[in-house]
Structure formats: C-alpha cells, structure tokens
Amino acid sequence: MKASSFRKLKAALLCSLVVAFGYTVSGSVAESAQPAKPAPAKKEAPVKIDPNDPASLIYLDTAGKPAGVGGNAAAPASQAYKAGMGWHPQALAGTGLPKDRYGLVDWAKLVRENIIKPKASLDPEEEEMPPLKMDILIPAKGDYVNDVIYPHEMHTYWLKCEVCHPQIFVPAKGSNDMTMVGIVQGQWCGRCHNKIAFPLTDCNRCHSSPKKAAAK
Amino acid sequence: MKKKLLALVLVLAVPALAGAAQYGKMTLDSKIESMHKAGVGAVIYPHDKHEALFKCNECHPKLFKEKRGTSNISMKMNMDGKFCGSANCHNSPAAFPLYMCTNCHTNVGKK
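For the record, the sequence lines run as chains A and B. Residue numbers are given in this note's numbering: position 78 of the first sequence equals residue 79, and the series is strictly consecutive. Residue numbers are given in this note's numbering: position 64 of the second sequence equals residue 744, and the series is strictly consecutive.
What the hints contain is simulated information worked out from the structure, not anything from laboratory work. Don't take every hint at face value.
[Claimed, not checked] If we take Cβ atoms under 10 Å as the criterion, some of the chain B residues that face chain A in the derived model are: (1) V720; (2) L733; (3) M759; (4) M780.
[Stated by the list, open to error] Beta-carbon label-pair distances, calculated as ranges: (5) B:M706 to A:T96: 43 to 51 Å; (6) B:A774 to A:E127: 45 to 53 Å; (7) A:I116 to B:N787: 41 to 49 Å.
Glycine residues also receive a C-beta, built at the ideal position from the N, C-alpha and C atoms.
Just chain B, same shape as in the assembly (with noise of 0.2 Å):
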C-alpha cells in the first residue's frame, strides 16, 4: 500500500517538477531598437504563468517555435492574430488585449 503511494507521488510529482519553473520569465528583446523608437523596453515574458495555464503543446510548435529566438515575434505579427495575439490569445476576450501595453513591455514612456 506504501509502495503504492510513492508510486503515486513520484508519477505525478516528478514531471511537475522537472517541467515547471524551467524557463521563468524570458526577456524577448530581438528588436530592442525598434521598441526603443517606439519607447517601449524590452518584454519580460512569463513562461511560468503560461505553464500554469496551458499545455506545452497548446503554443508549441505551432504558435512558437520552441527554439529560443527562431519565431521572429513583433507587433504587427500579433495584430495580424499571430503569435501572442493569436484568435484564442491576447486577440480574444479569454485574455488581456493587445494595447495593454505596459502588461508587457518594460520602460514604456521612457526614451
């Protein structure tokens, strides 16, 4: 009965583990010159919170590629419903809108 238990605890423990908190908050900032312009910082984006909500599958691969900096993410793909502004995303009312934008830019307003 014991054994069982820790059977139990170990298959569903073990990968919660090992898959949360891996990534965190990633800094997306590949086009850290044109935001500049634009007088926005740098995104921090959470993973974590996203991890909580969804499944990896969900996002990966077919609305990030899961290689860090390949997806090429900017504003006017996620306004063209791409990316974070994806039909069931930030372009939807199951989350905060697009022109949040100090939901998750950093510096906005600084030049």
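Bound-form chain A, shown alone (with noise of 0.2 Å):
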C-alpha cells in the first residue's frame, strides 16, 4: 500500500516538472520569436563577397588562401584590385559563361567555342603572335598513371612564351625533373594551376594519355 502510494506521489511529481518544464520552454520560445522576426535578412549575409575586403571568398583560392598574392592576405591581389576594382559575383554568374565541374570558369572552354574574343595586346602596335600549336606528351613517371599531354596552343592563347620559359620550365624537352609532390608545393605547373588556372584535383585534364600498364 505504502508503495503503490509512494510511485503515485512519484509519477505526480513527474507530470507537474513535466508540464512546468514544457511552460518555461515554449514561453520563453514565445518570448524570443518576436525580436527574432527581423534577423533573417542579416543572416543571409555570411558570404563574403565585398572587394573590398581581402578576405572575401572571390579572392580565396582552392586551398582557402588568398588567391595569387602567394598566400600573403595583406598584398594586394591586382592592379585592379589595388583600385578598388574587384569581381561583381551576380554580373558573373549573368554572363553564363561555362564553367566546370569544380563550378570554376572553364577559360580553356571559353576560348574553344569562341565565346570571348580578347585583344591580343593593350598596345596596338605590338604584333599579335599566333598560339604554339605544340602538344608535348610528358610520361608520368609511375606505371600505373596516365602521361600529360600538355597543350601550348591554349596556354600560348593566354601566355607570351617568357612567362613560363626560361624560368619555370627549361624549353628542352625532358629537362624539368617535374614531380606532383613540386607542383602541389607550387612549383612547376603549380605556378598557375590551383591557383588563378582549374586546380589539381581534376587529375584526368592533363593525366590524358592511357599507358599501357594504367589501362589494366
């Protein structure tokens, strides 16, 4: 008897915490709702994309770091952005150009389907030089990875020759000792790629070649 009375008094006991502890959530709930109504609108800003700011996403690069200015947020990125200049994101998106994968501009696309047609020069007296169409296979080093066919013609689109030569790459065939462990590290093709051009984690854009082992 005593008992049966004590779990009543229990249960009892449970049922007001209950319904005092389900009061005190809601009310305060109910309290909190009405100054909240006006924050969504700010907290739909989080994305970065002032120019202004170094730290805005459309100056990060894949890794997160300041895009082209070597990882150091306090340079400058460009002349354009030293004048305050800086991508409109919207305006961007708007132009439709294509893009790949990774949601990146495909430039590469861009000049292939002749989408854009840039001036070869600010100065118009300098002569335009027409791309290198020189494909240039380069063996992977491993069996079971595919060989780079690096393409000239679309990085002559962009580039004069003395940008990467002599400094980068040695214009001798199979005299840059390339190793993908460099060019994460920013060496070699790293200069460019992962950086301002498509990132290295599309492997097969320029691993192209099948080799005979890698086909297995």
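Using the supplied hints, reconstruct the complex from the two chains, each of which is provided in its own coordinate frame.
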C-alpha cells in the first residue's frame, strides 16, 4: 500500500515537472520569437563577397588562401584590386560563362567555343603572335598513372613565351624534373594551377594519355 | 538492475573491442616498383582511422574487396573515381584530394 502511493506521488511529481518545464520552454520560445523576426535578413549575408575585403570568398584559391598573392592576405591581388575594383559575382553568374565540374569558369572552353575574343595586347602597335600548336607528351614516372599531354596552344593563347620560359620550365624536352609533390608545393604547373588556373584535383584533365599498364 | 546494466555494457563494448584496432595500419606496396619510379614509397593506410569514421559496409565490398591484396588499387584507378578516389571520398570536398601525395605515400621525394 505504501509503495503504490509512493509511486503515484512520484508520477504526479514527474507530470508537474514536465508541465512546468514545457511551459518555461515554450514561454521562452514565444518571447524570443518576436525580436528574432528582423534578424533573418542579416543572417543571409555571411557569404563574403565584398571586393574591398581581402578575406572575401572571391579572392580565395581552392586551398582557402588568398589567391594570386602567395598566401599573403595583406598583399593586393592585382592592379585592379589596388584601384578598388573587383569581381561582381552576380554579374559574372549572369554572363552564362561555361563552368567546369568545380563551378569555376572554364577559360579553355571559352576560347574553343569562341565565346570571348580578347585583344592580344593593350598596345595597338604590338604584333599579335598566333598560338603555338605544339602538344608535349610528358611521361608520368609511375607505371600506373596516365601520361600528360601538355597543350602549348591553349597556354600561348593567354600567355607569352617569356611568362614560363626559361624560368619556370627549361625549354628543352625532358630537362624539367617535374614531380607532383613539387607541383602541389607551387613549382612548375603549380605556379598557376591550383591558384588562378584550374585546380590539381582535376587529375585526368592533364593525365589524359593512357599508358599500357595504366589501362589494366 | 545491475544485471541489465552489465548486459548493456557487454552489448556495447564487446563488438567495439572486437572490431576496432584489428587491422590498424596497413602497408600497401604491391606496386612498389612503379612507386619507386615515381619517387614515392609505400602507402601506409590507416584502417583504424577509417574504422572510426565509417561502417564496414560503406567501403566493403563495393569499393574494396575484403581479402587483402585482391582489390588491385592503382593511382590510375583512384584518379578515375575508383577505390580511394570514389565520389564521396578522396575525390570530393569531404576528404583531402588525391594530389596530397605525402598524406598517404611514405618516402616521398627519395630516390
């Protein structure tokens, strides 16, 4: 008899506790709901696209470091940036430029499909040099990785010879002892790729020439 | 009450102890000659780390065969989206990318 009444008391206490707890929780929610209404407009802003802010998303490379400044956030990204100009992400999205599978602008496709035709130089006197149509086969060192086909054509469309030769690449076949580790650390192709040019995550975009062992 | 608690502890702890730390770190070196040509060493695969993150059936048997040495993993296959480079693994933002050679391969840069 004693035990059952104790149980009833316990149950009643538990019930009242639950009710009291529920009231306090719902009460506090109702109170906080009213001042919270104007907040959502502010909450939509955390994607930082302010061109004047060096920590803005549009200036970050794929590693999340400031792009084009060697990881130094204090250094300006470009002359345009110095002058207070920057990307306009909405405008960029509106142009419908082709993107690769990482959502980055595919600059090679832009050229191949004649979507843009930039002037060769700002200097009207300067002679335009046609792109160099020369593919270089760079054998991968391991047996189980496809060889690389390096297209001079796309690179010379955008760049002059002196941008890469002879400082970054000795202009003689087989005389650059390239390694993937070095490239990841920013040597050779890594001077541009993974920074302003498409990222190294896209292995097969360069390693595109099948090897016999690799096919197995 | 005590018996129930003991049973609960047994149910939770025994499979955890039996499953974990069984494989630990696995050395993957079936293609060591090719690896040496490429200037990298064997891969030390931290099975234990992956055990803590995933259930067995998330990788076995659809990504990797269970029997050691039968999957025939290669860098080419990883780059093609198989094995380590499967869509939700080291070919996605969920894990470090395939080009981080030193994260998996030992002796990188030694010849």
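Q) CB of B:M706 to CB of A:T96, is that within 43 to 51 Å? A) Once the Cβ atoms are compared, 49 Å apart, the range 43 to 51 Å for A:T96 and B:M706 holds.
**Q.** Cut-off 10 Å, beta-carbon criterion: hint that B:M780 touches chain A
**A.** holds (7 Å)
Q.
Taking the Cβ atom of A:I116 and the Cβ atom of B:N787, is their distance within the range 41 to 49 Å?
A. Once the Cβ atoms are compared, 46 Å apart, the range 41 to 49 Å for B:N787 and A:I116 holds.
(Q) Less than 10 Å between beta-carbons is the criterion; does B:V720 satisfy it with respect to chain A? (A) Hint on B:V720: holds, closest Cβ of chain A at ~8 Å, below 10 Å.
Q: Would you check whether B:M759 satisfies its interface hint, that is, whether its CB is within less than 10 Å of any CB in chain A?
A: holds (4 Å)
(Q) A closest beta-carbon separation below 10 Å is what the hint needs, so does B:L733 meet it against chain A? (A) Not OK, violated: B:L733 not within 10 Å of chain A, min 21 Å.
**Q.** Cβ distance range 45 to 53 Å for B:A774 and A:E127, holds or violated
**A.** Roughly 47 Å apart at Cβ, these two residues keep to the hinted range, so it holds.
Hint 2 from the earlier list is the only one contradicted by this structure; the remaining hints agree with it.
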